[in-house]
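With our numbering as the guide, the letters of the sequence shown map in order to residues 96 to 502.
Simulated from the structure, these hints should not be mistaken for laboratory data. Accuracy of the hints is not assured; some may be wrong.
As the list claims (entries may be wrong) - With a cut-off of at most 30 Å between alpha-carbon atoms, the simulated DSS-like pairs for lysine-lysine come out as follows:
1. LYS193 <-> LYS457
2. LYS195 <-> LYS475
3. LYS193 <-> LYS475
4. LYS400 <-> LYS475
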Amino acid sequence: MSNSIGSGSSPVSSASDPAVINRFFSGSAWIEGTALDQLDEMSRLPGVSEIAAFPDLHPGKYGATGVAVLSSRLHPLLIGNDIGCGMSLFGLDLPLRKLKIDKAAERLRRLETQAIGEGREWLAETGLPADLAPDALGTIGGGNHFCELQAVEDLAEGGRAAGLDDQGLYLLVHSGSRALGATVFSQTLAAHSGLAAGLDSGSEAGAAWLASHDRCVAWASLNRRLIAARAAAALRADLRLIADIPHNLVRRSDRGFVHYKGAAAVAPGELAPIAGSRASRSHVVVASADIGRSLGGISHGAGRKYDRATMHGRVGRNRSEREQLLRNAWGGIAICDDRALVVEEAASAYKDAGQVVSDLEKVGLIVGLASLRPLVTFKKAVDEAEVEQRRRKPEYRREGGRGHERY
């Protein structure tokens with residue numbers, strides 16, 4: 096059978112009963128029927144015994160996203176190609192009162208050109224092979240990845256006790272293992288035609304995938320740290336790590352392997368960010384002592400409400416609308432020079448992160464500490480050399496004609 100899960104193919108057969116599915120979301124959560132169908136199919140995967148589903152649950156290519164899955168077998172399809180993807184929150188020593196958003200946006204536009212030293216040296220310092228994609232370190236990638244400058248909007252007493260400051264500035268970085276994880280995934284797909292059945296962790300293939308997986312997770316964490324270092328350099332500030340929480344990975348437990356598929360992996364008392372969108376608030380929460388009920392998982396963000404293809408035609412139908420999408424109600428600015436990405440990542444593509452946090456609080460998995468508003472969101476900037484080249488072209492050439500607008 097094919098490797099596909101939950102995309103119209105026949106369900107994976109299993110001699111055992113379906114796994115227990117624990118739903119940690121309320122009736123107010125926006126959950127598509129397709130995601131629920133995929134959840135049911137995932138419960139029948141070989142070796143799977145328990146699934147925790149969260150309020151950001153939405154359909155994915157290889158099963159529903161926004162879940163933690165306990166299994167005696169390894170399921171690389173559930174983790175996908177961005178192995179180790181996660182979110183890291185950093186505090187800056189730059190006070191909010193000194194921030195000028197336009198100036199900060201101008202500096203952050205050059206984020207990925209900031210010098211951070213040699214990638215090989217960073218890899219060696221982290222204990223990773225020096226030839227493990229050193230040139231890609233410190234890069235964000237596409238899709239829903241970003242580096243965002245934020246300020247506290249609301250702060251609970253627990254947030255103050257945790258060291259959060261309503262007069263400070265923060266960086267939230269969302270990225271993963273880039274082409275490294277994609278290469279591991281494609282090689283695994285090519286080597287195993289029946290990957291939907293998973294891999295035996297004790298087999299040579301299972302051990303090899305786990306080893307590659309662990310390297311990708313470590314690389315992705317380093318990548319987020321170096322993205323933040325570049326942003327801090329652009330803003331001429333120092334930074335401190337507050338939380339580094341992956342959400343696409345496998346962790347070993349005394350009951351088997353927990354697969355976090357778009358679900359933040361947290362321990363009791365650990366702080367974690369839950370991202371909103373570039374025009375809505377993100378949140379900082381702390382995991383409760385009862386987090387074991389959900390296999391140590393919570394939502395990592397709001398979750399998509401509409402897929403990328405659906406967003407085209409909903410918003411951004413002309414230049415004016417797309418320009419409006421690059422601003423938010425707090426005067427915040429989004430840096431995104433990819434016209435399609437502007438539309439696909441519009442705030443309306445996502446669920447309400449506040450509702451997600453509320454659902455998780457109601458079931459006792461987390462306590463909310465703070466909400467943060469987006470001030471500058473960096474997603475993609477055109478190459479500076481390309482910008483200069485376009486500036487030197489005649490006006491009619493620079494515009495590119497109708498249908499070729501650029502930001």
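Each hint tested on the structure:
For the proposed pair LYS193 and LYS457, the alpha carbon gap of about 38 Å is over 30 Å, so the pair is violated. In summary, the hint linking LYS195 to LYS475 is supported, as the alpha carbons are separated by about 21 Å, within the 30 Å threshold. Simply put, LYS193 and LYS475 have alpha-carbon atoms about 25 Å apart, close enough for the 30 Å limit, and the pair holds. Taking the CA atoms of LYS400 and LYS475, the gap is about 22 Å. The hint holds against a cut of 30 Å.
The earlier numbered hint that this structure contradicts is number 1, and it is the only one.
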